[in-house]
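Novice: Listed below are the residues making up each chain.
There are 2 protein chains.
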Amino acid sequence: MAEIQESKESLQESLQQVITLLNKHKLIEGLVQKQDMPKQALVETLVHKQNLAELQKKLDALHPADVAYILEALPLDQRLDVWDLVKAERDGDILLEVSDAVRQTLIADMDSEELLAAAEQLDTDELADLAPDLPKDVLQDLLESLDASNRERLQSALSYPEDAVGALMDFDIVTIREDITLEVALRYLRRIGSLPDHTDKLFVVDRHDMLHGVLPLKRLVVSDLDSGVDEIMADDAVVFHPEDKATDAAKAFERYDLVTAPVVDENNKLIGRLTVDTVMDFIREEAESDMLSLAGLREDEDMFSSVWKAMQNRWTWLAVNLVTAFVASRVIGAFEGSIEKIVALAALMPIVAGIGGNSGNQTITMIVRGLALGQVASHNMKSLLQKELGIALLNGLIWGSVLGVVAYLLYGNVALGVVMTAAMTLNLLLAAVMGVLIPLLMTKFGRDPAVGSSVLITAMTDSGGFFIFLGLATLVLL
Amino acid sequence: MAEIQESKESLQESLQQVITLLNKHKLIEGLVQKQDMPKQALVETLVHKQNLAELQKKLDALHPADVAYILEALPLDQRLDVWDLVKAERDGDILLEVSDAVRQTLIADMDSEELLAAAEQLDTDELADLAPDLPKDVLQDLLESLDASNRERLQSALSYPEDAVGALMDFDIVTIREDITLEVALRYLRRIGSLPDHTDKLFVVDRHDMLHGVLPLKRLVVSDLDSGVDEIMADDAVVFHPEDKATDAAKAFERYDLVTAPVVDENNKLIGRLTVDTVMDFIREEAESDMLSLAGLREDEDMFSSVWKAMQNRWTWLAVNLVTAFVASRVIGAFEGSIEKIVALAALMPIVAGIGGNSGNQTITMIVRGLALGQVASHNMKSLLQKELGIALLNGLIWGSVLGVVAYLLYGNVALGVVMTAAMTLNLLLAAVMGVLIPLLMTKFGRDPAVGSSVLITAMTDSGGFFIFLGLATLVLL
Chain G
1 MAEIQESKES
11 LQESLQQVIT
21 LLNKHKLIEG
31 LVQKQDMPKQ
41 ALVETLVHKQ
51 NLAELQKKLD
61 ALHPADVAYI
71 LEALPLDQRL
81 DVWDLVKAER
91 DGDILLEVSD
101 AVRQTLIADM
111 DSEELLAAAE
121 QLDTDELADL
131 APDLPKDVLQ
141 DLLESLDASN
151 RERLQSALSY
161 PEDAVGALMD
171 FDIVTIREDI
181 TLEVALRYLR
191 RIGSLPDHTD
201 KLFVVDRHDM
211 LHGVLPLKRL
221 VVSDLDSGVD
231 EIMADDAVVF
241 HPEDKATDAA
251 KAFERYDLVT
261 APVVDENNKL
271 IGRLTVDTVM
281 DFIREEAESD
291 MLSLAGLRED
301 EDMFSSVWKA
311 MQNRWTWLAV
321 NLVTAFVASR
331 VIGAFEGSIE
341 KIVALAALMP
351 IVAGIGGNSG
361 NQTITMIVRG
371 LALGQVASHN
381 MKSLLQKELG
391 IALLNGLIWG
401 SVLGVVAYLL
411 YGNVALGVVM
421 TAAMTLNLLL
431 AAVMGVLIPL
441 LMTKFGRDPA
451 VGSSVLITAM
461 TDSGGFFIFL
471 GLATLVLL
Chain D
1 MAEIQESKES
11 LQESLQQVIT
21 LLNKHKLIEG
31 LVQKQDMPKQ
41 ALVETLVHKQ
51 NLAELQKKLD
61 ALHPADVAYI
71 LEALPLDQRL
81 DVWDLVKAER
91 DGDILLEVSD
101 AVRQTLIADM
111 DSEELLAAAE
121 QLDTDELADL
131 APDLPKDVLQ
141 DLLESLDASN
151 RERLQSALSY
161 PEDAVGALMD
171 FDIVTIREDI
181 TLEVALRYLR
191 RIGSLPDHTD
201 KLFVVDRHDM
211 LHGVLPLKRL
221 VVSDLDSGVD
231 EIMADDAVVF
241 HPEDKATDAA
251 KAFERYDLVT
261 APVVDENNKL
271 IGRLTVDTVM
281 DFIREEAESD
291 MLSLAGLRED
301 EDMFSSVWKA
311 MQNRWTWLAV
321 NLVTAFVASR
331 VIGAFEGSIE
341 KIVALAALMP
351 IVAGIGGNSG
361 NQTITMIVRG
371 LALGQVASHN
381 MKSLLQKELG
391 IALLNGLIWG
401 SVLGVVAYLL
411 YGNVALGVVM
421 TAAMTLNLLL
431 AAVMGVLIPL
441 LMTKFGRDPA
451 VGSSVLITAM
461 TDSGGFFIFL
471 GLATLVLL
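If you read the protein sequences in the order shown, they are chains G and D.
By the count of our numbering, the first sequence reaches residue 478 at its end, each step adding exactly one.
By the count of our numbering, the second sequence reaches residue 478 at its end, each step adding exactly one.
Hints were generated in silico from the structure; no laboratory data involved.
Watch out, some of these pointers could steer you wrong.
Identical copies look the same in the list; a pair holds intra-copy or inter-copy alike.
[Said to hold, decoys possible] Below, computed lysine to aspartate or glutamate pairings styled on EDC-like, alpha-carbon distance capped at 20 Å:
#, residue 1, residue 2
1, K218, D197
2, K58, D236
3, K341, E126
4, K24, D84
5, K57, E89
6, K245, E13
7, K382, D125
8, K444, E13
9, K382, D77
10, K245, E231
11, K245, E97
12, K136, E162
13, K218, D200
14, K58, D290
15, K245, D129
16, K57, D111
Because the structure is a prediction, the values reported are computed rather than measured.
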């Protein structure tokens, strides 16, 4: 129980060791360049070499996923130093494990030959993951180097959108016939000698590769050897089609606790399988991309990317935000006359807008989640809207009254306090209505409600809050 | 390939059917109550009964996870109608599948006897999931109904915090000895007759239950029957301890693509196992709770909870937000004199604050993510801060200049434009520094940086933005 467990528990230690070795290495390199006394240099170079050898040994002992982790955590120059030390035959596996953004920095550092060598170590389904990041000429060379059936598989995998089952499936399928006994099946398996990772079941097909059922290994090992495969196999397996949405497949994996599942074409012909590790990676990536887009980042960002690259990633939402802030500013501008007369309005208005934004974001998060789970639809929209309006009304009356009293105490103006309470209640009601409607409308028009909902609701509660508060104040107080 | 696959593809259809049947049922119930002509009532009651039978049949055909899905999507009264129709012997499985919030509404609808009956159908590890939601007296009765070894297991599972491996592990372990041949091992398995779900490996232990290795089924079925278990087993399996953090275990499952893994105590004695389905549920729940806390919701909320319950869930963050908005308002209040003289300041100040908040949230999301992955630490803090400051400076100069020109065009005041540009740049720099520092400081003081970071940074860029802009304006323009 040694190697992997140790690397699990001490992943951060490994990272620290690599950094220490790298720093030593850089330090010595610096010394060697500065001092040109030959004797001294010789000693340094020896230490230097020992140092590099130690680092290389450390890296070789790590699981590809762990090397990937270390690469992600290093600034670009150190990252490339480590990358150069990784054994060439592990390049492919490590490229698969790093994030898209970091993968681009590593690929940019490799020449066509190195890339081709790395790619050639991979399975077809793994190649399909890597292909979009490869330079065109390398991809062309790669396609030519594959045999016909693998080339066809790669091209078909590349033809599916990223979020389809076809893009996630692999081709590591072990098939048997249904008209043999378990004894024959086991003899056949022993002849094969080893099974692909995650094999928890064999796929039972006929001579035309039509799927008839699945034989879980855990049934195979407990059943009578004289039984036929057809007696023991399960014929109610969950199957997927390559054009199915990956999110639906992920939900099915969670719901039915699957480890692997067959992928069949429209004629029920077995063409691949989905495995739980791919699905788990997909779930993780989806969750992260939701979180990033909520924060106004377009995509996953290499933590050590250049300022310029990072700015491109962040500009879209910043620009949107600028426009909405400008609109809110113009709403205020329309009431400059009122503010000039009662300057307290300027100080109080951000409270009305801010609380509306906070409350609207709470509502919208509930609804977006319900939509993602398929649990929000027209049949329950009315009861959801009622609930949110109820919460908004209560919160508005309670917190609005508190702030109304505070406004009265600060400025000694009863009417100002009343305007404050009324404006907060109205803005919270606006936030509730928009928090329910915006994601529903976005879904109706075929957009992902997780992207941009938060910016939209904040824009509405800002401009709306300023308008309601300043408008009421102008009507009542002037 | 029938039942489950159908229910996967038509989960939303099933939901619709249940709702239609429920509505019919309600409609007829209403009719029967209103009209008391005996003949008419008789007919109605017959239709009514048919209707209920159809609904019950539909529910019985669904997987427990799918019934749970339907329960989550129904408002409280309809939910309880459906819950009453579910066969009692499936109650336990379904209670395990629903979310915490919905589980509470279902449990509140059951008496002690029903709860005890439901709980008695579950395994010890499943009971541990359910136990925190059960009334005290039911839990007591339950503990008494268990045999000594299961009671001990349940009590030990309950003693671990929710986010420890001990709280996630189950006890469905199949063990063999290392000094037997594969043939003997297979004979033993055939005598057992069936293996627990997700069994992808057998655990190899000695007579004291010390773990010596694991025997993957996929090796068992391809290896020579005369080989010894000790020749074929893997002795480098990833093992966990019950006090390990569940997030670390989840990362190990992702990194090393595990399906099951042994859990051992400090003496290497095998006490349970972790399975990928539990880990996947855990990952999903973690991602959701991060998203909810980013939006200012304390915990998972039943979409159809009462207004009162929902308010409790949302008050904490609303109150925090109220305080920060009040502070920002007081900052503005301190500059009322300046605003009275140049009322344009009131219209422009929300832009400075808003862009700062947007940019700060982008930075903080990157850092929180890096911290969660263990990739941000003291060794790279400096280069991260440099990058974020670089982005802030560039964005400030570019967007700040744009808005400076806009302010000049709107109000015909060059100095006002210059103040606008300078204030935006300074507030973006503040956002960058705070976006890096806040999560690092929260981590240092042992707090989860995902909770509250966003509120804190917005508070700082709001108050800070108002202070910088109004302060500069007071210095330069007055």
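Novice: Run every hint past the structure and note whether it holds.
Specialist: Now for the hints, and whether the structure bears them out:
no.	hint	in the structure
1	K218 / D197	both (15 Å within a copy, 9 Å between copies)
2	K58 / D236	between (48 Å within a copy, 18 Å between copies)
3	K341 / E126	neither (68 Å within a copy, 66 Å between copies)
4	K24 / D84	within (17 Å within a copy, 70 Å between copies)
5	K57 / E89	within (15 Å within a copy, 57 Å between copies)
6	K245 / E13	between (39 Å within a copy, 17 Å between copies)
7	K382 / D125	neither (46 Å within a copy, 39 Å between copies)
8	K444 / E13	between (50 Å within a copy, 18 Å between copies)
9	K382 / D77	between (56 Å within a copy, 15 Å between copies)
10	K245 / E231	neither (33 Å within a copy, 43 Å between copies)
11	K245 / E97	neither (23 Å within a copy, 23 Å between copies)
12	K136 / E162	within (19 Å within a copy, 49 Å between copies)
13	K218 / D200	both (8 Å within a copy, 7 Å between copies)
14	K58 / D290	neither (36 Å within a copy, 35 Å between copies)
15	K245 / D129	within (17 Å within a copy, 31 Å between copies)
16	K57 / D111	neither (24 Å within a copy, 63 Å between copies)
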